[in-house]
Amino acid sequence: MIKFEYIEEDELPYRVNIDGVLGAGTTEKGAIMVALSVGGFIPKGCRDPKKAGWHLFWNTEFNIDQIILIQKLVK
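According to the working numbering, the stretch in the sequence shown is residues 32 to 106, in order.
Read the hints as simulated data drawn from the structure, not as lab findings. C-beta atoms are modelled at their ideal positions from N, C-alpha and C, and glycine is treated no differently. Treat the hints with care, as some may be off.
[As the list claims (entries may be wrong)] Computed beta-carbon distance windows for the label pairs: (1) Glu-39 with Glu-92: 28 to 38 Å; (2) Phe-93 with Glu-42: 31 to 41 Å; (3) Ile-98 with Glu-40: 11 to 21 Å; (4) Ile-33 with Lys-81: 17 to 27 Å; (5) Val-69 with Glu-42: 37 to 47 Å; (6) Ile-33 with Trp-89: 17 to 27 Å; (7) Asn-48 with Cys-77: 14 to 24 Å; (8) Gln-102 with Glu-36: 12 to 22 Å; (9) Glu-40 with Trp-85: 13 to 23 Å; (10) Val-69 with Pro-44: 31 to 41 Å.
[Stated by the list, open to error] Straight-line C-alpha distance at most 25 Å; calculated SDA-like pairs for lysine to any residue: (11) Lys-81 with Gly-70; (12) Lys-81 with Glu-40; (13) Lys-103 with Asp-79; (14) Lys-82 with Val-52; (15) Lys-103 with Thr-91; (16) Lys-103 with Met-32; (17) Lys-81 with Lys-103; (18) Lys-34 with Lys-82; (19) Lys-60 with Arg-46; (20) Lys-106 with Asn-90; (21) Lys-75 with Glu-40; (22) Lys-81 with Glu-92; (23) Lys-34 with Thr-57; (24) Lys-82 with Glu-40; (25) Lys-103 with Thr-57; (26) Lys-75 with Glu-59; (27) Lys-60 with Gly-71.
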């Protein structure tokens, strides 16, 4: 389950919750990348959103949440 939040006037306004793993960032992509890295969905230190999408595509079972994340990463 994925949940997105935007909190105005916060240092890290974008928040994402991916299966209980939280991520925050100055951009939506940044928050997604943090949550994916912390959750072990992508290798630690992966900074390229397209590489993160590649890891999700090849290393996870697909469901609608993964498809949404890949679409947001490669926009």
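Hints, one by one, checked against the model:
1. Glu-39 with Glu-92: 28 to 38 Å: Roughly 36 Å apart at Cβ, these two residues keep to the hinted range, so it holds.
2. Phe-93 with Glu-42: 31 to 41 Å: 34 Å, holds
3. Ile-98 with Glu-40: 11 to 21 Å: Roughly 32 Å apart at Cβ, these two residues miss the hinted range, so it is violated.
4. Ile-33 with Lys-81: 17 to 27 Å: At 19 Å between Cβs, range holds.
5. Val-69 with Glu-42: 37 to 47 Å: 18 Å, violated
6. Ile-33 with Trp-89: 17 to 27 Å: Holds, since Ile-33 and Trp-89 (Cβ atoms, about 19 Å apart) stay within the stated range.
7. Asn-48 with Cys-77: 14 to 24 Å: Cβ of Asn-48 to Cβ of Cys-77: about 20 Å, so the range 14 to 24 Å holds.
8. Gln-102 with Glu-36: 12 to 22 Å: 18 Å, holds
9. Glu-40 with Trp-85: 13 to 23 Å: For Trp-85 against Glu-40, whose Cβ atoms are near 35 Å apart, the range 13 to 23 Å is violated.
10. Val-69 with Pro-44: 31 to 41 Å: 18 Å, violated
11. Lys-81 with Gly-70: With Cα atoms ~18 Å apart, Lys-81 and Gly-70 stay inside 25 Å; holds.
12. Lys-81 with Glu-40: 29 Å, violated
13. Lys-103 with Asp-79: 13 Å, holds
14. Lys-82 with Val-52: 20 Å, holds
15. Lys-103 with Thr-91: 17 Å, holds
16. Lys-103 with Met-32: With a Cα-Cα distance of about 15 Å, the restraint between Lys-103 and Met-32 holds, given a limit of 25 Å.
17. Lys-81 with Lys-103: Holds. Lys-81 to Lys-103 sits at ~10 Å (cutoff 25 Å).
18. Lys-34 with Lys-82: Holds, at about 22 Å.
19. Lys-60 with Arg-46: Holds, at roughly 10 Å.
20. Lys-106 with Asn-90: 20 Å, holds
21. Lys-75 with Glu-40: Cα-Cα ~29 Å, so violated.
22. Lys-81 with Glu-92: 18 Å, holds
23. Lys-34 with Thr-57: 16 Å, holds
24. Lys-82 with Glu-40: Roughly 31 Å separates the two Cα atoms, so the pair is violated.
25. Lys-103 with Thr-57: Measuring from Cα to Cα gives roughly 15 Å; hence the hint holds.
26. Lys-75 with Glu-59: 18 Å, holds
27. Lys-60 with Gly-71: With Cα atoms ~16 Å apart, Lys-60 and Gly-71 stay inside 25 Å; holds.
In this structure, the earlier hints numbered 3, 5, 9, 10, 12, 21, 24 are contradicted, and the remaining ones agree with it.
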